[in-house]
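**Q** The residues making up each chain are set out below.
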Amino acid sequence: MARKLNLRIWRGDSTDGGLKDVQVDVNEGEVVLDVIHRVQATQMGDLAVRWNCKAGKCGSCSMEINGKPRLACMTQVASFDENETITVTPLRAFPIIKDLVTDVSFNYKKAMEIPAYEHPKDLAPGAARMEQIDVERSQEFRKCIECFLCQDVCHVVRDHEENKKSFAGPRFFIRIAELDMHPLDTLKNRKRKAQEEHGLGMCNITKCCTEVCPEHIRITDNAIIPMKERVVDIKYDPARMFSAILKREKRD
Amino acid sequence: MSGVFSPTRAKIKERTLRTDKWWIEPLITFAVLISFVIYASFRAFENANYYIEPLISPFYSPCLSSACVEGSSLLGTPIGTIAIFGLVISPALFILIFPLGFRMTCYYYRKAYYRSFWMSPPACAVAEPHEKYTGETRFPLIFQNAHRWFFYAGLVFNVLLTVDAILAFKNAEGQWGHMSVGTLVLLANSILLWGYSASCHTCRHTLGGRLKHFSKHPIRYKLWTQASALNHYHQQFAWVSLFGVAFADIYVRAVASGAITNVYFF
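Protein chains in written order, with my numbering: chain A, -17 to 234; chain B, 373 to 638.
If we strip away everything but chain A, and leave its shape as in the complex, we get:
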């Protein structure tokens, strides 16, 4: 049975904008994206919203619902109180294009900066064999749907626009971790590049990326912290530092 829902939608573009109140019908079982589509069909024909699969797998309908970065297609209206006004805004870490649509090209630029997998030179492309236990860590990261909610919530760029130059963000730290943990990847210096070129050291482990991930990837525990530990291996590990000193003394 339909009921009325109070919705506040941010409308505007890069020059100006604001929150507009609307009242819209909502049916049992509907998600926020359904309601936005109904507003678009009945009250705001020019409302811009990006969406595609409506099944939580394409990562297109990322927006902020009551201030939290979420997928609109996976957010049940019933998860809010009946009398609550639901506020819907675009992602606040990226430049606005129109209404609920932002320019997420920052992420594609960062993706291009990550060095690709490097196959062993002495191994023919079809000859690679890996055991399941060697690849399952990376498989968790392959669940990423590139909704960029983790990038949006990360305060390093969300609250500091100037850091976008030097910080790849959690989505790309899982990409780096996936490659660094790949049993056949031969690229040298991936750890050092993560620290010195992609801004791994800027992450302060506040775990917001993990909290918002719709695929429940344990971004911080399974990718970012292991990568920080791998950087410690090459730069700050006490055992390695002592062994380096000993080797130097022997040479002298």
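Keep in mind that a hint or two might mislead.
Capping the alpha-carbon separation at 20 Å, the derived lysine to aspartate or glutamate pairs in EDC-like fashion look like this [to be verified]: (1) A:K50 / B:E386; (2) B:K504 / A:E178; (3) A:K(-14) / A:E10; (4) B:K383 / A:E143; (5) A:K50 / B:E425; (6) B:K385 / A:D3; (7) A:K39 / A:E128.
Treat the hints as calculated values from the structure; they're not laboratory data.
We have chain A already, so just place chain B on it with the hints.
**A** Just chain B now, kept in the frame of chain A:
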């Protein structure tokens, strides 16, 4: 204007549009951590009521200074007595840097205090108040990378506190084969500390996380799997072991000061 108020972003004047009580968690974290810091500082400077045979407070173990009360120095007194302006430095101050450093650089506590003390950020999708942010890339936060050093030091402390718990199977006259409430308190404290260390991200990494080929190292893979399972509960171990240390100290202080009697089961 930076961050969410940058000119290219959607023009929204609120720092956050979250409607839930996002401030409760950092507030509780702040209150609990600051309470612990105040209590631990008081106890570290008190320099009294930390040993009564066979119980020693975890804040004072190992007791390495000549100022330690008789019988409390398991490893001798290599530090001697150091005084500043005639005031003898408490033995706790020589050792607390290690467990303190381990917790300060812990990946879980970092999240907790960056959010609750430094508000960087106070909660997810809540704009932080700072104009600039460089994270853990430069002084002083680059020292967070010393976590592994403190992890190894923490293991030494775990061994020593376990020895303290074993020594608590003595009675007040130094005879073995007895057990008191104090024994259980020190034993629980050492078990919780081992749990905190074993669930640590650095432990998980050093056991096997750094490998690329688990299949070539089946034992380390097994250890990594077990450390990963414990790692899910690292936050819980962090809190419970913190309370465990505080409770063990409170108990030893109460017994040593004569406020309560250490009841023996046998």
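**Q** Checking against the hints above, which ones are violated?
**A** 5
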